[in-house]
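Let chain G serve as the given structure and place chain E on it in line with the hints.
Residue numbers (our numbering), protein chains in the order written: chain G, 145 to 546; chain E, 145 to 546.
You may find that some hints are simply not true.
A pair holds if it fits inside one copy or across any two, identical chains being indistinguishable in the list.
Unchecked claim - Here are the simulated BS3-like cross-link-like pairs (lysine-lysine), alpha carbons at most 27 Å apart as the crow flies: (1) LYS197 / LYS434; (2) LYS339 / LYS236; (3) LYS222 / LYS251; (4) LYS339 / LYS251.
Calculated directly from the structure, the hints in this document are not laboratory data.
All values reported here derive from a predicted model rather than from experimental measurement.
2 protein chains.
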Amino acid sequence: MDKALSGVTILDFSHLLQGPFATQLLADMGAEVIKIERAGSGDMFRGMTFFAKWVGGSESPNFLAWNRNKRSIALNLKSRRVHGLIMEMAKKADIVVQNFRPGVLAKLGYGYEDFRAVNPRIIYCSGSGYGEDGPYVERPGQDMLIQGLAGLLANTGRGDMPPVPAGSGMADQIGAMNMVYGILSALYYREKTGKGQKIEVNLLAGMLAHLAQEYVGVLNLGEDFVRPNSGIGHPGMQAPFGVYETKDGGYVTIAMSPFRTLYETLDAPHLAPYDDLATLFSQRDAVWQKVNEETKKFDRDDLLERMLDADIWCAPVNDIRRAAEDPQVTHMGMIASYEHPKAGTVKVIAPAVRMSETPPAIERPAPLVGEHGREILKEFGVSDDEIAALEAAGDMTVEEAR
Amino acid sequence: MDKALSGVTILDFSHLLQGPFATQLLADMGAEVIKIERAGSGDMFRGMTFFAKWVGGSESPNFLAWNRNKRSIALNLKSRRVHGLIMEMAKKADIVVQNFRPGVLAKLGYGYEDFRAVNPRIIYCSGSGYGEDGPYVERPGQDMLIQGLAGLLANTGRGDMPPVPAGSGMADQIGAMNMVYGILSALYYREKTGKGQKIEVNLLAGMLAHLAQEYVGVLNLGEDFVRPNSGIGHPGMQAPFGVYETKDGGYVTIAMSPFRTLYETLDAPHLAPYDDLATLFSQRDAVWQKVNEETKKFDRDDLLERMLDADIWCAPVNDIRRAAEDPQVTHMGMIASYEHPKAGTVKVIAPAVRMSETPPAIERPAPLVGEHGREILKEFGVSDDEIAALEAAGDMTVEEAR
Numbered sequence: 145m146d147k148a149l150s151g152v153t154i155l156d157f158s159h160l161l162q163g164p165f166a167t168q169l170l171a172d173m174g175a176e177v178i179k180i181e182r183a184g185s186g187d188m189f190r191g192m193t194f195f196a197k198w199v200g201g202s203e204s205p206n207f208l209a210w211n212r213n214k215r216s217i218a219l220n221l222k223s224r225r226v227h228g229l230i231m232e233m234a235k236k237a238d239i240v241v242q243n244f245r246p247g248v249l250a251k252l253g254y255g256y257e258d259f260r261a262v263n264p265r266i267i268y269c270s271g272s273g274y275g276e277d278g279p280y281v282e283r284p285g286q287d288m289l290i291q292g293l294a295g296l297l298a299n300t301g302r303g304d305m306p307p308v309p310a311g312s313g314m315a316d317q318i319g320a321m322n323m324v325y326g327i328l329s330a331l332y333y334r335e336k337t338g339k340g341q342k343i344e345v346n347l348l349a350g351m352l353a354h355l356a357q358e359y360v361g362v363l364n365l366g367e368d369f370v371r372p373n374s375g376i377g378h379p380g381m382q383a384p385f386g387v388y389e390t391k392d393g394g395y396v397t398i399a400m401s402p403f404r405t406l407y408e409t410l411d412a413p414h415l416a417p418y419d420d421l422a423t424l425f426s427q428r429d430a431v432w433q434k435v436n437e438e439t440k441k442f443d444r445d446d447l448l449e450r451m452l453d454a455d456i457w458c459a460p461v462n463d464i465r466r467a468a469e470d471p472q473v474t475h476m477g478m479i480a481s482y483e484h485p486k487a488g489t490v491k492v493i494a495p496a497v498r499m500s501e502t503p504p505a506i507e508r509p510a511p512l513v514g515e516h517g518r519e520i521l522k523e524f525g526v527s528d529d530e531i532a533a534l535e536a537a538g539d540m541t542v543e544e545a546r
Numbered sequence: 145m146d147k148a149l150s151g152v153t154i155l156d157f158s159h160l161l162q163g164p165f166a167t168q169l170l171a172d173m174g175a176e177v178i179k180i181e182r183a184g185s186g187d188m189f190r191g192m193t194f195f196a197k198w199v200g201g202s203e204s205p206n207f208l209a210w211n212r213n214k215r216s217i218a219l220n221l222k223s224r225r226v227h228g229l230i231m232e233m234a235k236k237a238d239i240v241v242q243n244f245r246p247g248v249l250a251k252l253g254y255g256y257e258d259f260r261a262v263n264p265r266i267i268y269c270s271g272s273g274y275g276e277d278g279p280y281v282e283r284p285g286q287d288m289l290i291q292g293l294a295g296l297l298a299n300t301g302r303g304d305m306p307p308v309p310a311g312s313g314m315a316d317q318i319g320a321m322n323m324v325y326g327i328l329s330a331l332y333y334r335e336k337t338g339k340g341q342k343i344e345v346n347l348l349a350g351m352l353a354h355l356a357q358e359y360v361g362v363l364n365l366g367e368d369f370v371r372p373n374s375g376i377g378h379p380g381m382q383a384p385f386g387v388y389e390t391k392d393g394g395y396v397t398i399a400m401s402p403f404r405t406l407y408e409t410l411d412a413p414h415l416a417p418y419d420d421l422a423t424l425f426s427q428r429d430a431v432w433q434k435v436n437e438e439t440k441k442f443d444r445d446d447l448l449e450r451m452l453d454a455d456i457w458c459a460p461v462n463d464i465r466r467a468a469e470d471p472q473v474t475h476m477g478m479i480a481s482y483e484h485p486k487a488g489t490v491k492v493i494a495p496a497v498r499m500s501e502t503p504p505a506i507e508r509p510a511p512l513v514g515e516h517g518r519e520i521l522k523e524f525g526v527s528d529d530e531i532a533a534l535e536a537a538g539d540m541t542v543e544e545a546r
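Excised from the complex, chain G in its bound form:
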């Protein structure tokens, strides 16, 4: 079946998380993503892992997560010969993506103006931590730093403990989605007008945009968020919204539901006196404690069944292993896999969006470093002799499956 972005070619200089997740999303939709890695070691994320362990003994789970459906070519970007080749490729490309620190790639001759000179239709998307100018332009931009700067971190956790970051790279991942948003908007515009353009995405601005309702609240209501001293689930929310313990040591979430329905369902009529909005906000920690005493009388699954029967908005708190076996996750086919030449069968997350005409799909594993260099250059008309010369000079490296 067709893919939505079939025929779109992306030269992808990006590394780490933000850029690679963005180009994977585009690749899932059928774009031809040519991942241009550093000759030799490739994307720095190949050296990143959890638990000091490696998939198949050698491969990074982080890299495997964000680089399927791409082909890789590993080049020495400082070589003039390589520069000439990439500019030839750019004539036939639609999009360039990069997330080096501001100015780094332009210094090597791969800035927007360089590509525009050979292909005015090019869409060039840069990702950075803090944008391409301003007081922080030289600072390192990293996910947790951005969560802290933007206010997500201060909004997370308990008031009687230090604040905590969200346990996943939200700023990076939102940055990736913003790249996709900018690129696809620009692609539509180019279809209409023939004009390419430059897009700048940064992690800090993206994180702020996702905190829009918290900012609009604080900046217009004249009150600051104070983290609750209990399991209340957001510093702006009243009880019972939050996370509760169960008898068997589990946790459940309870969101917006009429408080009366909740205390009746828990057989706890003594909670009735708290049932007005002002009290549920001002005494939220005390109410949380009292509700928690009740939820701890039930095992997790019994409690959930009882509450769902009463149409209370609730759900289990799963760790990742348990979530992977959740009936709805399984039903949706969200745990997929691909075969990787070194890592073997790799379990990954399937595309999240369903489309009736152009379903996204997993068609390739994450590539080895420069695995497809030779075939890519041949497709762009480079001769076998030139390819051999590039490799001999160390300007292109090719990792082959064991």
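Just chain E now, with coordinates in the frame of chain G:
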């Protein structure tokens, strides 16, 4: 200047957060978003707020945050006359967006097949909590519930305390980005082929996709994340990655940096024995304690200056009010405002993505309920008499500025 999505018309049945954020992102890029609200009270999110306060005494910060650049028409969707009008409008529209519970809108005659029958080019995007089939299809889908189900919540917070949700509606907001991703991919495909399609986005699948590296780690490395009993910033990370206290009661984040550089910068050579990856992981809580003893010897800004001079990846932890005054946030112009007829000057977050040819912009405040109903219907050729009849029957309501 042009906008990237100028000329694209969206019939937006969505409410609450996921759909409205998606259509605001499209509206910022120039799409003409017609927000179709319930006659009378409008979008349920108009009744949502923080701190039990209202902007200008009456307006919801949550609604104000996600609905700029749209016009509103408030209609009784159960009226056959209204149904006929909307189907006429659909002939000239490009995209329909909705996030009612699965099946609700189709029962009223506004499903994909209904729109497709009058306009085969239509792109119809549905958002839901758990998708449109499967064991959870009848369950309430809400942001915190999804964070809990998908594993983000269990991955956030300390091991010696219950887990906590991220302090912002990440699942909803990521759901919005996935709508944008699907819609713009489909729009490009339609430009190429003339074909519309149906897109399904759900919060659970979107959240899983953002946890891809955590899932790939757990499912392929055979180890589970265990939340740290300290300020370490991610359950998969080693020290020093985390949040640290300062002498003046502030916090800083410290991300990936050579440990040696850190202990030298802190004048703490006694930390040298911990400097290998295995130890920094296995003894991360102890190392965090020791580093934290050092960071508490400095005031926040002094510590940051010292660490930034040594190129240590670090940043301050800001609350939202402080973040709004951050020099880089200010430099980027991220705190913007619009004039609202009832709320007055409303501070909001500016568009996060910069584009050289088609910069997104804020051109309208969030609308009142049905504020633009009459002008919208006139643009679609409805007569004054018909409009008056609709209003007289209560099938359309118009809120006017005080």
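Verification of the hints:
1. LYS197 / LYS434: between (43 Å within a copy, 26 Å between copies)
2. LYS339 / LYS236: both (15 Å within a copy, 26 Å between copies)
3. LYS222 / LYS251: within (10 Å within a copy, 61 Å between copies)
4. LYS339 / LYS251: within (25 Å within a copy, 43 Å between copies)
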